[in-house]
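S.K.: For reference, the chains in residue letters:
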Amino acid sequence: MPLETENGVHYSFALEYNGPPLSYDLPRAVPINVKQIPVAAVVSHLSLPDKLSLPVVKPLLPAGPGKNLSKELKSIVSQKEPGSEEAATTVSPTLVIDRAIESNQDCRLSGELTSSGALEFSTGPCGSPCISKELSIELLNGGRSSSTIEFSDSFDNKSRESTSRLRVSNELSQDWASSESVLSIDYPSSRVSSLKPSGECHTHNEGNEDGRRARVVAFCDVESDSGVVGGDYSEELGEEEPRFVRVKREPQSKGKKGTCYRCFKGNRFTEKEVCIVCDAKYCSSCVLRAMGSMPEGRKCVTCIGYPIDESKRGSLGKCSRMLKRLLNDLEIRQIMKAEKLCEANQLPPEFVCVNGMPLSHEELVVLQSCPNPPKKLKPGSYWYDKVSGLWGKEGQKPSQIISPHLNVGGPINVNASNGNTQIYINGREITKVELRMLQLAGVQCAGNPHFWVNEDGSYQEEGQKNTKGYIWGKAGMKLVCAFLSLPVPAKSSNSCGEQVNSMMSRSVPDYIEQRTLQKILLVGYGGSGTSTIFKQAKILYKPVPFTEDERENIKMTIQSNVYGYLGILLEGRDRFEEECLAEMKKGQSSDEADSIGSSNSINCKTIYSIGPRLKAFSDWLLKIMVAGNLEVIFPAATREYAPLVEELWKDPAIQATYNRRNELEMLPSVASYFLERAVDVLRTDYEPSDLDILYAEGVTSSNGLACLDFSFPPSAFDDKFDTDDPHGSLLRYQLISVHARGLGENCKWLEMFEDVGMVIFCVALSDYDQYAVDGNGCSTNKMLMSRRFFESIVTHPTFDQMDFLLLLNKFDLLEEKIERVPLTECEWFDDFYPVISRHKSSSNRNSINCNPSLGQLVFHHVAVKFKKLYASLTGKKLYVSLVKGLEPDSVDGALKYAREILKWEEERPNFSLSEYSFYSNEASSYSP
Amino acid sequence: MSVAELKARHVAATETVNSLRERLQQKRLLLLDTDDLIEVVAVAGYAKAHGKSSVSFGATDLVCCRTLQGHTGKVYSLDWTPEKNRIVSASQDGRLIVWNALTSQKTHAIKLPCAWVMTCAFSPTGQFVACGGLDSVCSIFNLNSPSDKDGNLPESKMLSGHKGYVSSCQYVPDEDTHLITSSGDHTCVLWDITTGLRTSVFGGEFQSGHTADVLSVSINGSNSRMFVSGSCDSTARLWDTRVASRAVRTFHGHEGDVNTVKFFPDGNRFGTGSDDGTCRLFDIRTGHQLQEYYQQHSDDEVRHVTSIAFSISGRLLFAGYSNGDCYVWDTLLAQVVLNLGSLQNSHESRISCLGLSADGSALCTGSYDTNLKIWAFGGHRKVI
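In order, the protein sequences belong to chains A and B. Mapped onto this note's numbering, the consecutive letters of the first sequence carry residue numbers 1 to 928. Mapped onto this note's numbering, the consecutive letters of the second sequence carry residue numbers 1001 to 1384.
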């Protein structure tokens, strides 16, 4: 047992007990639903099961508020008739059983317990082993269900579940709702005293502490401004789980309010912190225990996750003196931040009505994340003029001008602001104050005109085209508006472009971000072009794809890459020269065996030979490369060696080597792109173009992971089809590009990506004849390695329900290569027998309907192979798309396809089966 | 020398290495009869003979006294400050949270530029925290620096140079300027934080380095030049920071990825935890395995060891398992003393990390259920 000091802060752990040995067993928590006792404190010793200190059901007469029941328990219990409908609450030294207690069964149970055993138990010292075994068993049977309820207060559905269980097992005849209402009527007036002397509280462990509170069911009083919504609220609350307000039973029957809800000490003048959910009050020595680490602000540990008491919304984020004394500034700041920003404490959207329509989650998010959100939004009903952005409470003048054109709520009512001036702005009859303002602004209001006011204050009469003026344009209008307490437009909402920008840069709270951010994981085996697609996406969707620094880095990377390629060429040249010489020697030695010495000097010159200066440079470069510090010599190398490189590149020997580049295994396919421009690239003033960046290896995500937040720019196509999508523009996507190696051995870290919306798997079509050395040191076809990686990813338990989009990349390379190398080079595709008429194919290369090209046939074949593989592994359909990573449109199309899949995932449950199959066919148009 | 020739040589060399390794293992086995008899079999037997009985724990001797709630994603890593009451934790929600363990309150919540964080560490002075993850960068944050307008703490240093994810990092004791990281690029790196450059790289190109991702490092508390690393190649290696070229010793024995390594308090031994479900204790001087900690379960499912920690005396070994168990082992007798996973208020999910406070009075566990819990001795027993 921990040693608790009475007054001091008792949160130092690992204190030893050094008191005298205890002769009795320590009290222990009833091991019922242990998991649901949310305490963060020391639990005392667990004793034997037959010495359970069980909850004792003790009915209470509603007529007996304020009485000390300890001595009268017996009589009360005997008076109490089983099955009475009266609200009953029970008291026990350890546990208080609520709400289900007035059920017949429990009353009967308590009737049975009229025996002295119950009394003894409840009056005796806590944990005293004076209950007979039978009784405890009985208590277990009877009490377990009720205590289940007792502890299940933290989750809505759990409490329901347990009630229904109770209903089944205990034949609870009462209606759930009615019992609640009975309770809510009766309980608050009755002050029930505990049977225990207060000193015993300290012997209790934390586990029981929780249960020591009685609970009163009460409907929360939501501040509603209009009768219209009022009905909705009660309905809402009727269906939903009612809110519980706990009332702490006081240890002494003084009936005194104001003691701490946990230690029962203090009076109403001692400073206390209040739970923003249940209104429980804790003194300074208990608050940290009772509220734990406050992940959602000042809430009891048991209240975490519950919506807050609306009447306390105003005090959110305002710290009390007591907390400031207990905790340091940093801690306070974190708590208050959490209190203000955590999701559970946000305004429930259905409590906000705009133009008579309760909001949905998305609408509230739209409203709160717009550039000019309504200030201090409280539950209530509001009107909103979408054209001008005017915002006000239902039946009142406008209070603010928020961002216009938000798609929230219904259309505005004529009498939204309850005006009677017969002058209309955007279909709303304005109030007298507004009319006064208009008059002061010099607007002609004679003849009850109908105005059309835009967000910038320009107004026109309905039915007319020309703008008549600007309401807020006149000097002094701000003052007038301030005087009449009318809003003026905020400055930031001037232009549309600014709005978008400010929206992107605004830091939105996490919970909104989480809801609107869709994550897409882009993976692929090395060389499959994931990084090209990633770079392409960056260029496509970012206004500034690469910063100055990044460009500088990219330039360095490209240049060092080119040096690398050159090195490979030089190495090849050495080899070719050697081979050439060897051959020559062979030829010579067979021809003229006599004159060796003289011929050597002549024949040393082959087409692969270079001059001594270049030779020195070449040797130096090779040495540097072997040592592996090619990066170290930059950027000095560019300055010094650019002319030398030019000379080298133009040297016939290098050109000859370059012509034999197919024999150089190390040389990547992109090398030729850069080598042919080597002279330009290696200049100091070289500026990489977008295409260069796309071609360059190792520019982004070379170190495993890169992510990119973007949203699809609205296009003409989108406008046409997505206007019904209210939050389409708000949706943001995060493209996460990971290297196969970045996931660790056996994809160990794939579980970190469990929250992604879909996975894009990238395969290079041109890999079918490429070989790479795998982990075991043997050379394997890269396509097969891709397949192995694909298999391990799609079967990974993390991605059990994930959708996969297969991108078959590098189609351009394939088309070029397939003419030379047959697809059957890869054993996986050895059943590829294309039926193709060669002479026709060239003319109809791009038309899939007439006569597909060989490349397209290959694509289909590979796609089908992967689809079959996927279906056999997961039983689901694989989405496949064709991509040329170097073409922006192609990548854009693929990512938009990914977006459609994500949308489709959300909507799929809404479609019937037949429609589903129709859609899925369409989605994978290349399926066999 | 042609490529084919080189390849042939390589194959031959590999064979030689393998045969040598085989011989080494056989020699070890021979030695096991004599040398290790004293050490292994008998760590337990010897102890019994000397009347050492197993540590026994009641259900309430070690209790959960704090629950640190605040993360919204799986907790991946935690670290205590040497000054005993602060904890930094890293979670998949992309945040580092610095906790005051006494009040269980947050003092800092640092939003990371890369959400995929795998490890975090407190500097010896408690002024800096380091973290690393899939972005292959080890980022250092100064807790005393002012936060920017969004309330985020700016990075004070980025240590970039790894070519794979940063799986683990630890500050060199008593030095705020040096840090050792382990990475998915098969290497460990000693960093000089002031310059942001690598002081030495351990492994990688060299033959005696790890041949797979390195998952964990632990620096010897009594001799900070020595550190040990655990890797996916199912070995642990001992390194001397002055000799980057080769590992001092390689410890074989595990049959799965070595997820975690931790030096024994006396600095002459270290413990490992692996995907094969075992924890082992190795002696760095002899290179032998001293003890194996494995609990047989009725079902054949292997529970991976995710994280380990020793008590101050070394008598207890805390090991977190992938199924949410957290065993307290008696290191001497290799018996399970207690399972924290079966206690009240235990974690609901995998225990991913655990650590003992500097004075040994409290244990903190982090779990995939997004919570951290602090356990302390609640019983009458003396702290061991």
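Among these hints, one or two may not hold up.
Part of the chain A face toward chain B, derived, beta carbon under 7 Å [what the hints assert, rightly or not]: (1) LEU288; (2) ALA740; (3) GLY742.
Stretches of chain A that chain B covers, calculated by requiring three or more beta carbons in the stretch to come under 8 Å of a beta carbon on chain B [as the list claims (entries may be wrong)]: (4) 292-299; (5) 346-360; (6) 395-403.
Hints in this document: simulated from the structure, not taken from any laboratory. Predicted model only: the values in this text are computed from it and were never measured. Glycine included, C-beta positions come from ideal geometry on N, C-alpha and C.
S.K.: Each of the hints needs a verdict: does it hold here or not?
M.R.: Here is how each hint holds up against the structure:
1. LEU288: Nearest chain B Cβ about 6 Å off; hint holds.
2. ALA740: violated (11 Å)
3. GLY742: holds (6 Å)
4. 292-299: Answer holds; 4 residues pass the 8 Å Cβ test.
5. 346-360: violated (count 0)
6. 395-403: Violated, because only 0 residues of the region 395-403 of chain A bring their Cβ atoms closer than 8 Å to Cβ atoms of chain B.
When each numbered hint is compared with the structure, violations occur for hints 2, 5, 6.
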